[in-house]
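Undergrad: All chains, please: the whole structure from these sequences, using the hints.
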Amino acid sequence: MQNTSITILGETILPGESKTIDMEIAKLHNSAKLKIPIIVQRSKIDGPVVLFSAGIHGDEINGIEIVRQIITKKINKPKKGTIICIPIVNMFGFINQSRQFPDGRDLNRVFPGSKKGSLASQFAYHMLTQIMPHVDYAIDFHAGGAGRFNAPQIRLEPNNAELKVLADVFNAPFTLYSKNIAGSFRNASQKSNVKMLLFEGGKSLDINNAVANEGLEGVKRFLEHLSMLHPKHHAVKNSQRSIYIEKSTWIRANSSGLLHNAISINAFVKKGTILATITDPFGKFERKVKAPNDGYIINVNHSPIVYQGDAIYHISKTIVNGKQ
0 MQNTSITILG ETILPGESKT IDMEIAKLHN SAKLKIPIIV QRSKIDGPVV
50 LFSAGIHGDE INGIEIVRQI ITKKINKPKK GTIICIPIVN MFGFINQSRQ
100 FPDGRDLNRV FPGSKKGSLA SQFAYHMLTQ IMPHVDYAID FHAGGAGRFN
150 APQIRLEPNN AELKVLADVF NAPFTLYSKN IAGSFRNASQ KSNVKMLLFE
200 GGKSLDINNA VANEGLEGVK RFLEHLSMLH PKHHAVKNSQ RSIYIEKSTW
250 IRANSSGLLH NAISINAFVK KGTILATITD PFGKFERKVK APNDGYIINV
300 NHSPIVYQGD AIYHISKTIV NGKQ
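The numbering of the sequence shown is numbering that gives the first Met the number 0, which starts it at 0 and goes up by one.
Any given hint could turn out to be false.
Said to hold, decoys possible - Within a straight-line C-alpha distance of at most 30 Å, the following computed BS3-like cross-link-like pairs (lysine-lysine) qualify:
1) Lys178 - Lys270
2) Lys316 - Lys270
3) Lys190 - Lys219
4) Lys115 - Lys190
5) Lys163 - Lys194
6) Lys43 - Lys78
7) Lys236 - Lys246
8) Lys32 - Lys115
9) Lys246 - Lys194
10) Lys114 - Lys26
11) Lys32 - Lys76
12) Lys236 - Lys219
13) Lys26 - Lys115
14) Lys190 - Lys163
15) Lys194 - Lys231
16) Lys73 - Lys219
17) Lys178 - Lys219
18) Lys72 - Lys236
19) Lys43 - Lys76
In case anyone wonders, no lab produced these hints; they're calculated from the structure. From a predicted model like this one, the values you see are computed outputs, not experimental measurements.
TA: Shown next, in the form of structure tokens:
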């Protein structure tokens, strides 16, 4: 992108400037203003525009923490180009500690949105028309929902060589090939020619420092690859190569009851390994949950109570850079 002024929501940011722009699409039901800060840092030197966003689901706090640290550690001050940070996209959900928008919709299923549609649809429309036309690269940070803890992982569309290079650079512990979902921010961004990676790590309504650190170090490697990381920051090279997972499956509870986990996140298990025991509260039964195949455990349900059919583990089936 040429080193000229950038205008977002009517606010102009010149090369070398930094500015926080408040995005206000609607007020709360009590007429209080609800502002979503968009933090823009520009170098005087021409370069790419990178977006770091989180909180598209308002209860996914771990991603918000990663973007917060990007800002507080001043990693968002680029050597060249521009870095845009939106720590909380869904401020409505964040206030209510909820995944959804107040209209009950999942913001990550309504893109590209509509200027006159539902509240979530209007917000998606403004994101896509006001911000994304300026963006070349993006990382959107997420966490597992409903008590399900995700191992730190990057998700990218299959057969996309440019994104594969960026995923290699980020080098999360796991990288999952995952098709873009219709209506998602990632899908709409790709159609707008934005190269976006999706980071998953941790669980909703929780901050995990190890996950946050994985995200932060990946961001530094990502920016260093684009020659945007300021010299005062050091990108730690991860000696262990990311494990690429081509196929995976959910293991579901075989009955309702109390869930007793016996395995930790990131573990590699063999087929038949006992992963958990589900019991009833009255001591009448104990039912084992076993691994259906060899694989890495990339998500563990931390809920103490589960219902029959609930997803309790996510296990790899086919990895690309290994023997599985």
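Undergrad: Output the numbers, in ascending order, of every earlier hint that fails for this structure.
TA: Every hint satisfied by this model.
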